[in-house]
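Make a model of the complete structure from these sequences and hints.
The primary structure of each chain is shown beneath.
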Amino acid sequence: MKDHLVNLAFNDTMQRPFEREIAGLIVETLRLEMSPDDIQPTQPLFGDGLGLDSIDALEIAVVISSRYGFQLKSDDERNQEIFASLRAFSDFIQQHRTQ
Amino acid sequence: MTSRLPLVARASQDALFRTHDATITTDHFLHAVHTMAGQLPLGDYVVNLCQDRYCFVVAFAAALLAGKITLLASDRSSDGLKALAERFGDPTALVDGTGEAKPLRSCLVAPDFVKSSGRLDIPSLPVDQVAALVFTSGSTGQPVAHTKLWGALVQRSITAGQRFGFVQERPASIVGTVPPQHMYGFETTVLLPLHAPVSSWCGSSFYPADIQLALEACPEPRVLVTTPLHIRMLLQDDAKLPAVAGFISATAPLDAALASQAEQKWKTEVSEIFGATEVGSIASRRTVQSDVWTVYPDIRLTRTGPEGSPLVEAPHARTFPLGDTLDVLSETQFRLLGRSTDFIKLGGRRESIARLNQILTAVPGVVDGVFIAPDDLETRPAARLLTFVVAPDRKPDEILAALRERIDAVFLPRRVVCVDTIPRNQVGKLTRQAQLALQESAARADTNAESIAGTFSIPADHPSLPGHFPGRPIVPGVVLLEEVFALIAGRFDGRSLKALDNVKFVAPVLPGETVTVSYRVSAPDRVAFSCRHADTLLVRGTGSFGSAPS
Chain A
10 MKDHLVNLAF
20 NDTMQRPFER
30 EIAGLIVETL
40 RLEMSPDDIQ
50 PTQPLFGDGL
60 GLDSIDALEI
70 AVVISSRYGF
80 QLKSDDERNQ
90 EIFASLRAFS
100 DFIQQHRTQ
Chain B
1157 MTSRLPLVAR
1167 ASQDALFRTH
1177 DATITTDHFL
1187 HAVHTMAGQL
1197 PLGDYVVNLC
1207 QDRYCFVVAF
1217 AAALLAGKIT
1227 LLASDRSSDG
1237 LKALAERFGD
1247 PTALVDGTGE
1257 AKPLRSCLVA
1267 PDFVKSSGRL
1277 DIPSLPVDQV
1287 AALVFTSGST
1297 GQPVAHTKLW
1307 GALVQRSITA
1317 GQRFGFVQER
1327 PASIVGTVPP
1337 QHMYGFETTV
1347 LLPLHAPVSS
1357 WCGSSFYPAD
1367 IQLALEACPE
1377 PRVLVTTPLH
1387 IRMLLQDDAK
1397 LPAVAGFISA
1407 TAPLDAALAS
1417 QAEQKWKTEV
1427 SEIFGATEVG
1437 SIASRRTVQS
1447 DVWTVYPDIR
1457 LTRTGPEGSP
1467 LVEAPHARTF
1477 PLGDTLDVLS
1487 ETQFRLLGRS
1497 TDFIKLGGRR
1507 ESIARLNQIL
1517 TAVPGVVDGV
1527 FIAPDDLETR
1537 PAARLLTFVV
1547 APDRKPDEIL
1557 AALRERIDAV
1567 FLPRRVVCVD
1577 TIPRNQVGKL
1587 TRQAQLALQE
1597 SAARADTNAE
1607 SIAGTFSIPA
1617 DHPSLPGHFP
1627 GRPIVPGVVL
1637 LEEVFALIAG
1647 RFDGRSLKAL
1657 DNVKFVAPVL
1667 PGETVTVSYR
1677 VSAPDRVAFS
1687 CRHADTLLVR
1697 GTGSFGSAPS
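If you're matching them up, the sequences are chains A and B in order. All residue numbers for the first sequence refer to this note's numbering, where the first residue is 10 and numbers rise by one. All residue numbers for the second sequence refer to this note's numbering, where the first residue is 1157 and numbers rise by one.
Everything labelled a hint here was simulated from the structure, so no lab data went into it. Where hints are given, some of them may not hold.
Computed cross-link-like contacts, DSSO-like style, restricted to lysine-lysine with a CA-CA straight-line distance of at most 27 Å [stated by the list, open to error]:
| # | chain 1 | residue 1 | chain 2 | residue 2 |
| --- | --- | --- | --- | --- |
| 1 | B | K1258 | B | K1238 |
| 2 | B | K1396 | B | K1423 |
| 3 | B | K1654 | B | K1551 |
| 4 | A | K82 | B | K1396 |
| 5 | B | K1421 | A | K82 |
| 6 | B | K1423 | B | K1238 |
| 7 | B | K1421 | B | K1396 |
| 8 | B | K1551 | B | K1423 |
| 9 | B | K1585 | A | K82 |
Shown next as structure tokens:
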């Protein structure tokens, strides 16, 4: 039994507190039938990962704007990366938030 | 001798298209089109998959010039493109920088912005030249192709320009939030500038910030060509837009209250266009004023007989039956009635639920299956179709992946729900009551999905307790997790969780307390667990069976 802990890895895919906050916002805004804990920080948000699409991106953008005080734009060069995962998305918001 | 109409009916220095970096005149456009026409591969058909609006229009016009028919594919799933390949002799896909066209081979569209240009003659094309094929899905079989003749397309642009009052003395700037390849965006943002005094924005226009910047970059008068979804998002975002003379909305009915809010907030006039892929735009109305639609100047409505269904007559186009969705008031006016229940609209695309169901039941391993449109599908932007299947040997994720290859992404459900049976009635139909019962039982199944792994308690003399903490013993987190993992392994044939994804220690666990561990499978290879004493939540977290990254 003790072997479980010896082999246990607290690995880099643990949700950090701000990621949990953003995961909660995504689940709440889109009314996904899942717990925010279930969004893996490094899985893709779009297509084959969480399965979000562009309509979802628009809804999330509006909520981000009102809660964190900055606006998403299509011309941001980092757009592909920003939405690559919950981790990338949370990092981006953290860097650009004004409130 | 067939009459001809010019590719562009604008003056050489008129602005046709705009981006943040460039204003593209008729001359610039003609140069780009001639160059592209020379780069097209052999073949009678091309599939225009350009996502950039300027690339799209250059590719379309080049194909016209070269006498090729453009396939406006709205189904871009790999199955959809494969079907086009088989049906039309392997057409080449015209793609811009972001292009992904498998299994078609592709040709890159990358027009230059010509700095200095000599005047070019404007080519003209026969009115009966087939410019494009657009597709709608029937309830069975392959998509139905509809022919768009060049003459009809030009005519549409001219009458739309008349209906919305665009005049040479005050050319309007159009910013469209809609994609160029669907009929609405194709008519209003791609074709319109060629034959009406407007310019069309070709930069980004998706997020509220993009839309604001685009409108600010264009001269007045400005017109926003958009959909109810985007209007709702702009209102929610409290967007600060510059002066916009008019909003045009289409693809789904616009709620009059929403239109009124938009008119007041931005001091603008909101109109709607009514159309169908088969026949294009045919009518408009000022939403807040009336629920009566007036057809465009060259359109006539008729009936086949006293009980007959209404028909639409338009120049250069086949007479088109509109079904019982219209209440025809006169030759030129109608009201809308309820929608046919088989068709749904999502993201501006119309699809038949019967067809989706056919595709679903053809997925290997699916014994029975059904798509259900929830009641709020058209009012709540994040709402999606629900999918239930009977598929004893397959996992929900596998079926979702199979669907992703077969249907357009906008019709995918958030997840596939496996059930033991689909409660059909004696004629095989799912009544509305049965549908609601199915939805409800699936929701209940979710909340009851937790199973009990077992219980444990840590005795008062456990070696970890002295010092943790002196005088106030609390069971350390690692000891709790030990017990949780052991109990869960017991439920999974001895497989133990290899990694902890997150954990929250909500309340302290005291020695001697009986702790109940429950769990559910939250994702492939992932377990969410919780520990309770009586009803108090003590710990919750998720862990995975997969190997931890090094």
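Structure-based check of all given hints:
Pair hint K1258(B) plus K1238(B) holds up; C-alpha atoms about 8 Å apart against a cutoff of 27 Å. Simply put, K1396(B) and K1423(B) have alpha-carbon atoms about 12 Å apart, close enough for the 27 Å limit, and the pair holds. Under the criterion of a C-alpha separation no larger than 27 Å, the hint pairing K1654(B) with K1551(B) is consistent with the structure, at around 22 Å. Of the pairs offered as hints, the one joining K82(A) and K1396(B) holds, with about 15 Å between alpha carbons and a cut-off of 27 Å not exceeded.
Among the hinted pairs, K1421(B) with K82(A) is consistent with the structure: their alpha-carbon atoms are about 22 Å apart, no more than 27 Å. Taking the CA atoms of K1423(B) and K1238(B), the gap is about 47 Å. The hint is violated against a cut of 27 Å. About 9 Å separates the Cα atoms of K1421(B) and K1396(B), which keeps this hinted pair within 27 Å; it holds. Proposed proximity of K1551(B) and K1423(B) is contradicted: the alpha carbons are some 52 Å apart, above 27 Å.
This hinted pair does not check out: K1585(B) and K82(A) have alpha carbons roughly 46 Å apart, beyond 27 Å.
Comparing the model with each earlier hint shows violations of hints 6, 8 and 9; every other hint is respected.
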